[in-house]
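Undergrad: With the hints as constraints, model all of the structure from the sequences given.
Chain residues, written in single-letter form:
Number of protein chains: 2
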Amino acid sequence: MPVINVGIVGFGTVGAGTVEVLYENRDIISNKVGCEILIKKIADLDILSDRGIAPKPGVLTKDAMEIINDPEIQIVVELIGGLEKAKDFILMAMERGKHVVTANKALLAEYGEELYHAAQKHRVNLAFEASVGGGIPIIRALRDGLSANRITTIMGILNGTSNYILTEMTQKGLPYKEAVRKAIDLGIAEDPPTLDVDGTDAAHKLAILISMTFGIPVPFESIYREGIDKLTPEDIRFASQFGYCIKVLAIMKNLGDRIEARVHPTMVPLDHIMANVNGAYNAIYLEGDFVGPNLYYGLGAGRKPTGSAVVSDIIYLARQISQGINNIVPPLAHARPQEREIPIQPIDALNSLYYFRFSAIDRPGVLSKISGILGEHGISISSVIQKGREINGSVPIVMLTHEARESGVLQALSQMDRLDVLTDKTVVIRVGEG
Amino acid sequence: MPVINVGIVGFGTVGAGTVEVLYENRDIISNKVGCEILIKKIADLDILSDRGIAPKPGVLTKDAMEIINDPEIQIVVELIGGLEKAKDFILMAMERGKHVVTANKALLAEYGEELYHAAQKHRVNLAFEASVGGGIPIIRALRDGLSANRITTIMGILNGTSNYILTEMTQKGLPYKEAVRKAIDLGIAEDPPTLDVDGTDAAHKLAILISMTFGIPVPFESIYREGIDKLTPEDIRFASQFGYCIKVLAIMKNLGDRIEARVHPTMVPLDHIMANVNGAYNAIYLEGDFVGPNLYYGLGAGRKPTGSAVVSDIIYLARQISQGINNIVPPLAHARPQEREIPIQPIDALNSLYYFRFSAIDRPGVLSKISGILGEHGISISSVIQKGREINGSVPIVMLTHEARESGVLQALSQMDRLDVLTDKTVVIRVGEG
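Chains as they are written, first to last, in the working numbering: chain A, 10 to 443; chain B, 10 to 443.
Honestly, the hints are just simulated from the structure, not real lab data.
Mixed in with the good hints there might be a few duds.
As the list claims (entries may be wrong) - Simulated coverage check for chain A against chain B, where a stretch passes if three residues somewhere in it have a Cβ under 8 angstroms from a Cβ of chain B: (1) 135-149; (2) 298-306; (3) 324-336; (4) 350-357.
In this text the structure is predicted, and so the values were computed from the model without any measurement.
Even for Gly, the Cβ is constructed at its ideal location relative to N, Cα and C.
TA: Structure representation (C-alpha cells):
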C-alpha cells in the first residue's frame, strides 16, 4: 500500500488529538484514502511530557526543520499556534512543495492573504477545517456543500469558553466573575481568558468564514467586537422575561454592496434553534439564497474534536496526493478570487433592535424623560418592564426598541448620561430579529 | 472561459430548482469553479408547463436520449425519480463516460450497489447530495468532514412531511388524520402520503447514510420501519408529561460486529437538540468517536434547497472535470470498499426503553396484573402515570420502562392482549436515551 508521510509541528492538545486519531482509526482512514498515512515526525520543544498517546520511537524531535526539510514529508501540520513562527514554518513548508494543514485561526485571520497567495504560488494546498468550530465541518460546508448559494447570513456561536460562561450565568444565575472562575477551574478557560471573553477569538473565526464565503481575505481589524464581561445575571433574567436568551454571536450579513461583520452579546429569541446551543458547544447558523436556513452544531474545541478536523484535512489532501493532484480547490474555494475588497459597514451604521437597562432614581417623570430623548433620536420603544425592586439604590427600567440606528442610540445614550435621574451607565444589548 | 456542459433529465420540482440556481447564481458558481457551467439540454415528457423559470431557447427536449448521446455533455443530472427508467438512464450515461448527479434516494437505496459498481467500472463519479436531507450537506459530512471518525450513532429526522404532521399534532393537538389533511392541502404531503408517513422514505435515506458510513451498500429490506399513523395526540401529551416529544427517527447504532438500522416514532427528551427540529425541517444528529455529537439542520425538501444540493454536486464534479480528474473520491467515499457485509440486527434483539399506554377497565388490581406480566418478561417500570379520566370507556395507564429487550416486550404484550381488563391494543413507543 502506498504511503503518505505527515509531519506535525506542535505536540500540544490538538497535536496529541491528531496523533491519537491517526493511530486509533488507522484502518478506517486507510480504507478511505487507499493509502497509509504515516506520521513520520512530530516536532515540539517539549519531547518529554506524557500526552496520553505515545508516538512511535524516533518520531519525536525538538527541531521543526527536520520536518520542513524532509523531502519525504508531503503534508505539514502546523499546530504550534501564535503568529510569526507559525507563519514562517508554513511558508517554508510551502516553498518546499508541501501541503499544509493548520488550526491557527489567529494566523489565518491576520496573515491569511499572504498564506493563500503562497499556497497558490507554490501550487500546494492549505487546509484549515480545525480553525473554526472544532470538529464541525463548517469550512467544507462553505467550500463545497453550500457552494451554489449566495450566503446572506452567518450567525455563529464560535467560542465555547464564552458560551460556557454565559450558560452558567443563565442556568445557575452566577455572576460573571464566578462563572469565569469555574470555567478556569474546569480547564475550559485559560487564566486570564482574555481573547475568549473579549470577542477576539470569535472575530478571528468569523473573518475566516467570511473569507471562505466571498473568496477574499477580510481586514480583521474592521470586525467590530464586544465581550461578555459587562453582562449581569439581571440582564439575562430580564432578557428571558422578554422571551430571549443572551449569546455571543459572530454575525455576517450580506447587504449586497457591503457586509456587516460583528461579534457581540446578542439577545436571541428563545424559540430560535441557536437558543439551545449551550455549554462548550459551538454552532454556525447560515442562510443561503437557495438552501435557506442551515445549522451546524458540535463541540467547538478540545483535543478529540479538533483532532478529528485536522485529520479530515489530512485525508482531504491525501486523497488528492494519491492521485497526483495538487490543488483541486484553492484555499478560499474560488478559482477566480474576488478582486474587489468587501467593505465592512462601520458599527454605527447598524440597524438593529436594542435592549436597554436604565438604572433610575425612583421618581415620577423619569420614564417620560428617557423616552423623550429616545424619541428625539428616532428610537421608538416596543416594550417596557419597570419593576419596583431597587438594585443598589435605583430601580431598573428595561425596554426593547423597534429597529433603530446604532449612531442614534449612541447619541441618545450619551445625552442621557448627563441626566441626574440615572444613577449608572445604561446597559445596551443588541437584539437579533430571529 | 472553459465550458462544462450539463444535461438534466427530469424537469419537475427539483429540476426547476436546479435550473434556477444555475441561472441565478451563475457568477458565483463560475467564480468558484473557474469555468462556465452550461445547461445544454433538459429532457422532460412535458415541455410546455410553466415552471416559473424559462430555459434558454432550444434547451428543452422530450427525448432524454438526446442528452445521453450528446458527446459534449459531461454531467448528466437524473431527476425523474422512480426506479427502472432512472436506473437505465444513469447506466447509459455512465457507459458513455458521463458523470452523474442524482437526487433519487429510492433508487440508491434499492439499486445502489449496481450503480456504484458501474461508476467505478466506467471511471466516472456518481454524486447524490440531494438524496438525503434536501439542502443539508450531510453526504459530504460523511464523505469528507467526518472522514477521520468511527461513526457510532446516526439519528435523523429525514422526512419533513411526517415531521410536519407530528409538529402539528404536538403544537395544535390535531388528530393524525386532520394533520395529514392540512399537510396535503399545503402541498407538504402527497395524496396519499404513503411513503412519507410509513417510514419508507426515511429508511431509503438511512440506507444511503449507512452506505456512506461503512463504504458498502446495505440491504434496504433489512431496515426496520414503522409509521406515524397510529400515533395520537394523547400519546404526545403523555410523552410531554414525562419530559419527551415524539419524532420519527431514522437510527443507526454501530454495535461493532453488527448495527441497528431502524425507522420508527421515538420519544426524544425535550432538552435534546433534536427535540427542537420542527415543521418541515430535517436534521441529522451524528456521533463520531473523535468528533463527538454533531448536528446538521435545514430544509429537507423543496425546489430551492434540493436545487442547492444538486448544484453543489455539479460544482463538485465540475471542479474535478476542469482539472482532468475523473473520480477523486469513489461514490461511497472508500477507496478500498468494505468486503464484509454489515449485519443488521433484527428488531426483536433491540434493547431500548419503552413507553406503554394500556387502555384498562377502571377496576382494582389491573396495575398489578400488568406489572406482573411485565416482570415475568424482565421488564421493569421506571415511572407510571395513571389518571382517572376515561377515554372511550377505559382509563389510560401510561408507563416508562427501564431498558428492556424488544422480544420480551412483544411476548409480554401478546400475553396481555388476552387479559379481559384491557379494552384495546396497547400503544408502544420506543424511547431514546438522549
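Undergrad: Against each hint, give a clear statement of whether it holds in the structure.
TA: Now for the hints, and whether the structure bears them out:
Check result for the stretch 135-149 of chain A against chain B: holds, 5 residues qualifying (beta carbon to beta carbon below 8 angstroms, three or more required). With 9 residues having a Cβ less than 8 angstroms from any Cβ of chain B, the stretch 298-306 of chain A passes the three-residue criterion, so the hint holds. Using a Cβ-Cβ cut-off of 8 angstroms, 7 residues of the stretch 324-336 of chain A lie near chain B, which meets the minimum of three, so the contact claim holds. Taking a C-beta to C-beta cut-off of 8 angstroms, the stretch 350-357 of chain A contributes 0 residues in contact with chain B, too few for the three needed, and the coverage statement is violated.
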